[in-house]
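S.K.: Residue numbers (our numbering), protein chains in the order written: chain A, 1 to 298; chain B, 1001 to 1322.
Treat the hints loosely; a few may be bogus.
Stated by the list, open to error - As a list, the in silico SDA-like pairs of lysine to any residue whose alpha-carbon atoms are at most 20 Å apart: (1) Lys32/A x Asn1130/B; (2) Lys83/A x Arg1153/B; (3) Lys32/A x Asp1129/B.
Simulated from the structure, these hints should not be mistaken for laboratory data.
Residues per chain are reported as follows:
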Amino acid sequence: MREKAKEGGSVLETKRKRKKSRLYEIWRQLKKNKLAVVALIVLVLLVLLAIFAPLLAPYPYEKQNSKLSYAGPSADYLLGNDKLGRDILSRLIYGSRQSLQMGVIAVAIAATIGILLGAVAGFYGRWVDNLCMRLLDIYQAMPMFLLCVSLAAIMGPSLRNAIIALGIGTVPGYARIMRASVLTVREKEYVEAAKAIDASNARIIRKHIIPNAIAPLIVQITMGVGGCIMSGAALSFIGLGVQPPIPEWGAMISDARSVMREHPTLALYPGICIMLSVLACNLLGDGLRDALDPRLKN
Amino acid sequence: MLRYIGNRLLLLIPVLLGISLVVLVLIDITPGDPARMLLGAQATQQQVDDLREELGLNDPLPVRYVRFIWNVLHGDLGTSLMTKRPIVDEMLQRFPYTLMLVSLSIVLSVLLGIPIGIYASTHQNTWKDNTAMFLALFCVSMPSFWFALLMIRLFGVQLRWLPISGVATWKGWILPCIAMALGLTALIARQMRSDLLEVIRQDYITTARAKGLSEGKVIYRHGLKNAMIPVIMVIGGVFGSSLGGSLIAEVIYSIPGLGQYIMSGLNNRDYPVIQGGILILSTMFAIVILLVDVLFALVDPRIRSQYARKSKGRGKRVGDET
Chain A
1 MREKAKEGGS VLETKRKRKK SRLYEIWRQL KKNKLAVVAL IVLVLLVLLA IFAPLLAPYP
61 YEKQNSKLSY AGPSADYLLG NDKLGRDILS RLIYGSRQSL QMGVIAVAIA ATIGILLGAV
121 AGFYGRWVDN LCMRLLDIYQ AMPMFLLCVS LAAIMGPSLR NAIIALGIGT VPGYARIMRA
181 SVLTVREKEY VEAAKAIDAS NARIIRKHII PNAIAPLIVQ ITMGVGGCIM SGAALSFIGL
241 GVQPPIPEWG AMISDARSVM REHPTLALYP GICIMLSVLA CNLLGDGLRD ALDPRLKN
Chain B
1001 MLRYIGNRLL LLIPVLLGIS LVVLVLIDIT PGDPARMLLG AQATQQQVDD LREELGLNDP
1061 LPVRYVRFIW NVLHGDLGTS LMTKRPIVDE MLQRFPYTLM LVSLSIVLSV LLGIPIGIYA
1121 STHQNTWKDN TAMFLALFCV SMPSFWFALL MIRLFGVQLR WLPISGVATW KGWILPCIAM
1181 ALGLTALIAR QMRSDLLEVI RQDYITTARA KGLSEGKVIY RHGLKNAMIP VIMVIGGVFG
1241 SSLGGSLIAE VIYSIPGLGQ YIMSGLNNRD YPVIQGGILI LSTMFAIVIL LVDVLFALVD
1301 PRIRSQYARK SKGRGKRVGD ET
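Could you put together the complete structure from these sequences and hints?
M.R.: This is the structure in structure tokens:
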């Protein structure tokens, strides 16, 4: 027993080494792609912006000043003020928190469910696989955004519910990719070896199947964050996401809609924020795809 | 071939049954009583209970499910709680608008996206390719509702070229279609490019070149034909996202289509409308996916033979990866 543990330890060590070099290899490939590096920097900045929003924002996001309703840009308020005289720059900075939460947490939910579902379906095969795939067929027969909107509306509008709706609505993509990837991993010798030493199925899935099958999902996850930021903004735009007074980019566009004629810049800024974050996710995703599979780019 | 189509049609039935069950369960677990919503806060408990009985809300879920399916089979989706109008009538009236919006935007995006993709892949890694692909990614990343508002502001308010809402004249369709087609065009262009690049590396392309065919013939006769299959799949998937997108586009441009109807149903908790709307849109989507799959089997003998031998087999659905 102890011997086995020791053996397991050394196997783990070599595995860790291999993993490290693999990550390094991906990073080396990624570095060549200037756009992807820029995108990565943008995303890191965005995360920092969200974390340190209270320090970076010049004013609290809910601070009103009726005298400054729709005031233009000034030295004190760099991007001007909204209807209630709130500082737009501060609201944009705080808004990054909501958007990032929607992107990251929703994808985490979707990817976790998708990975488990795909791994189980791919590993067990036969009727389990059939059942899972039929369920996904039903899932995917509903247009994704329609499903998210319905879920969000039914659960009631709030940030938490929007995140859950986005998370549940986007599961099938991850599950299908995971399943396809598991189908190839399942046939590998190390899985057979694990079976030979009588490892339980749960252990094989946890220790061998999931870690080895997850690579193709990396791109999907990166782009999924962008997709969820965008869909989340759309949910807030139609009033099903973040509720006032908490600032959110989509909701800010919705507020600005009624005064598009007089103050078009009010809608412009939050839209640019959404676009930049989604673009960064997509560029990074593209870069990662090339890095993971360099033969596509030559 | 007929057997394949028959099989696919049969598979459609459990999917639609499943969707209606999911929708019914969702509405069932929704907090808030539709009867109470309908009558307002002043209504007495007695009135609410009576209405619940009348609407059949007190029956157990399986009973309601069977009743719903039974009614759907008889072409009855119930009546709207708000307007008291039969939902089928309302949907039939609104359906052409959504169909028009979605098909116009898809046609537009196919007509633009495929040539852009071909152009980019035949100029791979030049500045033309890089610019086209960066622009495409830019368009994919743009929130369409935001772009829609900006276009209204520019073409409707500032330049006064096009109406800002409504589709009373043909001009009214231009802005919504462009807003919807923008992201789809970019998606199709990106897919077209990567597929054509993949195909160009195949041996049969080298053969075609070796036997002295002109580059145009190589690309269009040998390359495109083989690269089109995943692109068609993506177009099928794009149809679904444009159905979802029509929800917002129809509200922004006040187009009296299904999307707008479903949105008002969601806002008012008009649950028969939500139920019917999701079912109709999903059926539309399922039929399109079916058509796409049949198209494939027609185009690609490999898929056809796979189904001829193993009737329960299924192709991988691309479009998930978008």
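S.K.: Take the hints in turn and mark each one as holding or not.
M.R.: Hint check results:
1. Only pairs whose Cα atoms come within 20 Å are accepted, and Lys32/A paired with Asn1130/B is accepted, the gap being roughly 15 Å.
2. Restraint check for Lys83/A and Arg1153/B: the C-alpha separation of about 19 Å stays at or below 20 Å, so the hint holds.
3. For the hint linking Lys32/A to Asp1129/B, the alpha-carbon distance of about 18 Å falls within 20 Å, and the restraint holds.
In this structure, every one of the numbered hints holds.
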